[in-house]
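**Q** Position chain Z against the provided structure of chain F, taking the given hints into account.
Spelled out, the chains give:
Number of protein chains: 2
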Amino acid sequence: MFQSAEIGHQLTKAAYRAAMPTLRAELLAAQVDLFEQHKTPVLVLISGQDGAGKGETINVLYEWMDARFLTTLAFSQPSDEEREHPPMWRYWRSLPPKGRVGVFAGSWYSDPIRERIEGAISIKELDARAEQINRFEEMLVDEGALVLKFWFHLTKEGQKQRLKALSADPRTAWRVTQWNWDRLKTYDQLQDAARHLLRITNTAAAPWVVVEAADDRYRCMTVGQVLLKAMQNKLAAKEIARTPMAPMVRLDLDGRNVLSVLDLTLTLDDKPYKDELAKWQGRLSELVRDARFKNRALVCAFEGADAAGKGGAIRRIAAALDARQYQVTPVAAPTDEEKAQPHLWRFWRNLPRHGHVALFDRTWYGRVLVERVEGFCTEADWLRGYSEINDFEHELIEAGVIVVKFWLQISQAEQLKRFTEREQVEFKRFKITQEDWRNREKWHDYQQAICDMVERTSTGEAPWTLVEANDKNYARVKILRTLCERLEAALQKPAGSNAPVSDKPTKAKKIKAGRSDSKK
Amino acid sequence: MFQSAEIGHQLTKAAYRAAMPTLRAELLAAQVDLFEQHKTPVLVLISGQDGAGKGETINVLYEWMDARFLTTLAFSQPSDEEREHPPMWRYWRSLPPKGRVGVFAGSWYSDPIRERIEGAISIKELDARAEQINRFEEMLVDEGALVLKFWFHLTKEGQKQRLKALSADPRTAWRVTQWNWDRLKTYDQLQDAARHLLRITNTAAAPWVVVEAADDRYRCMTVGQVLLKAMQNKLAAKEIARTPMAPMVRLDLDGRNVLSVLDLTLTLDDKPYKDELAKWQGRLSELVRDARFKNRALVCAFEGADAAGKGGAIRRIAAALDARQYQVTPVAAPTDEEKAQPHLWRFWRNLPRHGHVALFDRTWYGRVLVERVEGFCTEADWLRGYSEINDFEHELIEAGVIVVKFWLQISQAEQLKRFTEREQVEFKRFKITQEDWRNREKWHDYQQAICDMVERTSTGEAPWTLVEANDKNYARVKILRTLCERLEAALQKPAGSNAPVSDKPTKAKKIKAGRSDSKK
Numbered sequence: 001m002f003q004s005a006e007i008g009h010q011l012t013k014a015a016y017r018a019a020m021p022t023l024r025a026e027l028l029a030a031q032v033d034l035f036e037q038h039k040t041p042v043l044v045l046i047s048g049q050d051g052a053g054k055g056e057t058i059n060v061l062y063e064w065m066d067a068r069f070l071t072t073l074a075f076s077q078p079s080d081e082e083r084e085h086p087p088m089w090r091y092w093r094s095l096p097p098k099g100r101v102g103v104f105a106g107s108w109y110s111d112p113i114r115e116r117i118e119g120a121i122s123i124k125e126l127d128a129r130a131e132q133i134n135r136f137e138e139m140l141v142d143e144g145a146l147v148l149k150f151w152f153h154l155t156k157e158g159q160k161q162r163l164k165a166l167s168a169d170p171r172t173a174w175r176v177t178q179w180n181w182d183r184l185k186t187y188d189q190l191q192d193a194a195r196h197l198l199r200i201t202n203t204a205a206a207p208w209v210v211v212e213a214a215d216d217r218y219r220c221m222t223v224g225q226v227l228l229k230a231m232q233n234k235l236a237a238k239e240i241a242r243t244p245m246a247p248m249v250r251l252d253l254d255g256r257n258v259l260s261v262l263d264l265t266l267t268l269d270d271k272p273y274k275d276e277l278a279k280w281q282g283r284l285s286e287l288v289r290d291a292r293f294k295n296r297a298l299v300c301a302f303e304g305a306d307a308a309g310k311g312g313a314i315r316r317i318a319a320a321l322d323a324r325q326y327q328v329t330p331v332a333a334p335t336d337e338e339k340a341q342p343h344l345w346r347f348w349r350n351l352p353r354h355g356h357v358a359l360f361d362r363t364w365y366g367r368v369l370v371e372r373v374e375g376f377c378t379e380a381d382w383l384r385g386y387s388e389i390n391d392f393e394h395e396l397i398e399a400g401v402i403v404v405k406f407w408l409q410i411s412q413a414e415q416l417k418r419f420t421e422r423e424q425v426e427f428k429r430f431k432i433t434q435e436d437w438r439n440r441e442k443w444h445d446y447q448q449a450i451c452d453m454v455e456r457t458s459t460g461e462a463p464w465t466l467v468e469a470n471d472k473n474y475a476r477v478k479i480l481r482t483l484c485e486r487l488e489a490a491l492q493k494p495a496g497s498n499a500p501v502s503d504k505p506t507k508a509k510k511i512k513a514g515r516s517d518s519k520k
Numbered sequence: 001m002f003q004s005a006e007i008g009h010q011l012t013k014a015a016y017r018a019a020m021p022t023l024r025a026e027l028l029a030a031q032v033d034l035f036e037q038h039k040t041p042v043l044v045l046i047s048g049q050d051g052a053g054k055g056e057t058i059n060v061l062y063e064w065m066d067a068r069f070l071t072t073l074a075f076s077q078p079s080d081e082e083r084e085h086p087p088m089w090r091y092w093r094s095l096p097p098k099g100r101v102g103v104f105a106g107s108w109y110s111d112p113i114r115e116r117i118e119g120a121i122s123i124k125e126l127d128a129r130a131e132q133i134n135r136f137e138e139m140l141v142d143e144g145a146l147v148l149k150f151w152f153h154l155t156k157e158g159q160k161q162r163l164k165a166l167s168a169d170p171r172t173a174w175r176v177t178q179w180n181w182d183r184l185k186t187y188d189q190l191q192d193a194a195r196h197l198l199r200i201t202n203t204a205a206a207p208w209v210v211v212e213a214a215d216d217r218y219r220c221m222t223v224g225q226v227l228l229k230a231m232q233n234k235l236a237a238k239e240i241a242r243t244p245m246a247p248m249v250r251l252d253l254d255g256r257n258v259l260s261v262l263d264l265t266l267t268l269d270d271k272p273y274k275d276e277l278a279k280w281q282g283r284l285s286e287l288v289r290d291a292r293f294k295n296r297a298l299v300c301a302f303e304g305a306d307a308a309g310k311g312g313a314i315r316r317i318a319a320a321l322d323a324r325q326y327q328v329t330p331v332a333a334p335t336d337e338e339k340a341q342p343h344l345w346r347f348w349r350n351l352p353r354h355g356h357v358a359l360f361d362r363t364w365y366g367r368v369l370v371e372r373v374e375g376f377c378t379e380a381d382w383l384r385g386y387s388e389i390n391d392f393e394h395e396l397i398e399a400g401v402i403v404v405k406f407w408l409q410i411s412q413a414e415q416l417k418r419f420t421e422r423e424q425v426e427f428k429r430f431k432i433t434q435e436d437w438r439n440r441e442k443w444h445d446y447q448q449a450i451c452d453m454v455e456r457t458s459t460g461e462a463p464w465t466l467v468e469a470n471d472k473n474y475a476r477v478k479i480l481r482t483l484c485e486r487l488e489a490a491l492q493k494p495a496g497s498n499a500p501v502s503d504k505p506t507k508a509k510k511i512k513a514g515r516s517d518s519k520k
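Chain order of the listed sequences is F and Z. First residue of the first sequence? That's 1 in the working numbering, and the numbers climb one at a time after it. First residue of the second sequence? That's 1 in the working numbering, and the numbers climb one at a time after it.
Bound-form chain F, shown alone:
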């Protein structure tokens, strides 16, 4: 891994000076092209040993490039807002938008390496972290990002020399602290941890560039040239290269699927509804005030056809909560800042802090539902969406977030009835748009997409609850009850093990003839 960076690379002043004007001109041109094409964000990770010239190299990049399209992201101790979110949140909030270059002084590699050196994690745990990183970076690249990872390498003797030289110069002496000297003592541990981590994360999509760091000119010129060529390649590429994807295959041998087996005739009368509602709302309000919830958080995802009753269900949950504790996030068209980021970014930015609740009215599943059916993204995009979403939810759950997902299923006949009703009730009228009517025409495509979604994303830790929603009373109580049971079960376990409870049926009765809908 580091062998090719211990051979005494260096660049003469003359060679450096000769190459610089062209490099600089082309870097600037590439930056402007990237910005104007608004095609890709560039992530430059500057990693390596202390004293290897990370800060100096970043400063040189600022000299060469246009600061207007350049941002340096630094990560010291996480703030309390960051600590109250999943670990990757701080990196998601720092991602450069399309057309810009983000230089990462410190990154998602810093913690695993540090923890490994300190002996806080085993080599197996390091492997698991590496695997998570790979999937994260793969997602970034699939979303169009250019990910460049530099590792600045020094030999042990080389590091000592660099630290001495920095200490001797009054302009740089301040940068060398006892902490740096201590790191020299852990040189071998760092090498081991880094060698291991770099090997696993040396992917085809986001490979490492190990740079011999002792010579300033060689180091800076390497970074500059690699960055330039990568940007030029990206600009020249006609389209984003795609990981091979297996097309979706869905058989329908017996006409049965997770939606068709739902019993949409289930109802709940008003009287038991009121009692049950009060009971579960009371239970919910207790659970979110439970001391054990203080370092957890709750994310509720609501999906369902138009008029399936998502809003009504969300309001019944909200009514049990303190307004200061929850946030309803309606998911509509993304803003331009959101469009300039990976598709999951706008959900990361709306995650709840510890002790808080986020209610999503439509969710990150838009990618595999509306975007798939309406062709708003490519097939490759939604095909990889399933595992990206699973990874996303896994990261939440690992951080102690309780993730509860509801699909509200209604029949076509019930939807038509509700549309018609809404058009008659004045204060609901605005809710029906041309788009709603149009969506009905794609009913079958949506049902297929929902079945695929449930199949691929109903994980053990974040299962889908399919809700028979033709009867609003029944649906609301089932949702509240499920939510309480999931919360209760999750709070009994330490954060990170969010196994669901079994799907017990709600008290309900079959409806009588006459209210049965067409599907049965």
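Don't take every hint at face value.
The list cannot tell twin chains apart, which means a pair is met if one copy fits it or any two copies do.
[Stated by the list, open to error] Quick list of in silico lysine-lysine cross-link-like pairs, DSSO-like style, CA-CA up to 30 Å: (1) Lys472 to Lys164; (2) Lys271 to Lys13; (3) Lys339 to Lys39; (4) Lys339 to Lys98.
If you are wondering where the hints come from, they were derived from the structure by calculation, not from laboratory data.
**A** Only chain Z this time, still in chain F's reference frame:
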């Protein structure tokens, strides 16, 4: 103030039920209209006594309105990120965008009232805070926002009854803590503080609505109706009402102004430049590592004509800093999220945390420069811009932020020379656009705008440093020296008293004939 809210207002169930459907229909319609017209953000402040039904009212608003356009903003203990920014930062980051309704459970009134009750601030200090609030709200209203402030009032006996009733009901008992009962003991102090603060902040643009809070139906219906009528009025208004503005009057009796008296022939040779640069960069790097800087922050504003050398100056400052400590914020066209907010919002969101440095390449002065000259905003907008900007900087300075502002002045001849040079040097070519050439035609208008800007915003606590920038060496050293001197002076004083040092001349010499420019 509270007299009219102690007369036993109440609403019968029948009257409430009768009015509700229309209210709800019209609220929803108004919300949709506001969202579609994207014209205005609505801020609803819910304030008042504990137990007065703030949370309940917010929940009722959620029942009536469309949660998609509604957000509740709650403010408990500030996070460390919030504590490391000016106090108003947490409210700025929570402002609802145009077309949306933000319900504030807690607001910029909470701290002054609490501090007054605790005796932490005098009545005079309360007045000063009220005045700041008035200016902030006036700015919001001028920027098109609808600001609705509700105060829920209970008599002392009424409050005791409410708390008892809440405690008795198992569904609400959890909401009443010892803290609430303690607030009952400070009832009179709260009344005094609130009465005082409400009187001063009862402005024509954003008046208070005091609501008798004992009866749930009366309270909710009042909030709903006031909100509805205010939204309808806003929708009906043809244009934003403007506070009277005195048009700008600029006399030119003797041809002298702050720009014309600058000696643009000042230069610095390369040899002393190198020494001075190294000296001040070293000094700067010491100052930002000074222990006293840890709970301060530095904001540098750079303005100047195209090609005046802002980028070069910023790079010379950046070179003295650790990449992890500073952020360069280039100010270009606002994103759509930024356009949906008051014009200062995008600067608030880029303010540095404690111990950090923000370098702004173009700034919040765009409003009184390019937006004024190019007509991107109305005359009223840029006229009020001056005091809004002064308030903004004052808030920074009060929070310990050191604000240093540079105007880089070059002559027209020098600009032409640089434009021509840039077109010849390949890696600088992209920097010249048609717009740059076009801007030159408005040279005179810009000079006038700059003079007005200096006159109105060169405050004692945040003065402008006008930099003779025809010679880059001279300009860069003057900027670095000024920055160091301002930092040094500020660090010697407690946060909030950021008086500048006197404007001592930099070592320089007059240039010889032949390099003099046309202006002299």
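**Q** Is it within a copy, between copies, both, or neither that the alpha carbon of Lys271 lies no farther than 30 Å from that of Lys13?
**A** Close across copies (21 Å), not inside one copy (86 Å); limit 30 Å.
**Q** With 30 Å as the alpha-carbon cut-off, assign the pair Lys472 and Lys164 to within, between, both or neither.
**A** Answer is neither; intra-copy 73 Å and inter-copy 35 Å both fail.
**Q** At 30 Å max between alpha carbons, let me know whether Lys339 reaches Lys39 within a copy, between copies, both or neither.
**A** both (11 Å within a copy, 22 Å between copies)
**Q** How would you classify Lys339 and Lys98 at a CA-CA limit of 30 Å: within, between, both, or neither?
**A** both (9 Å within a copy, 19 Å between copies)
Checked against the numbered hints above, the structure breaks only hint 1 and satisfies the rest.
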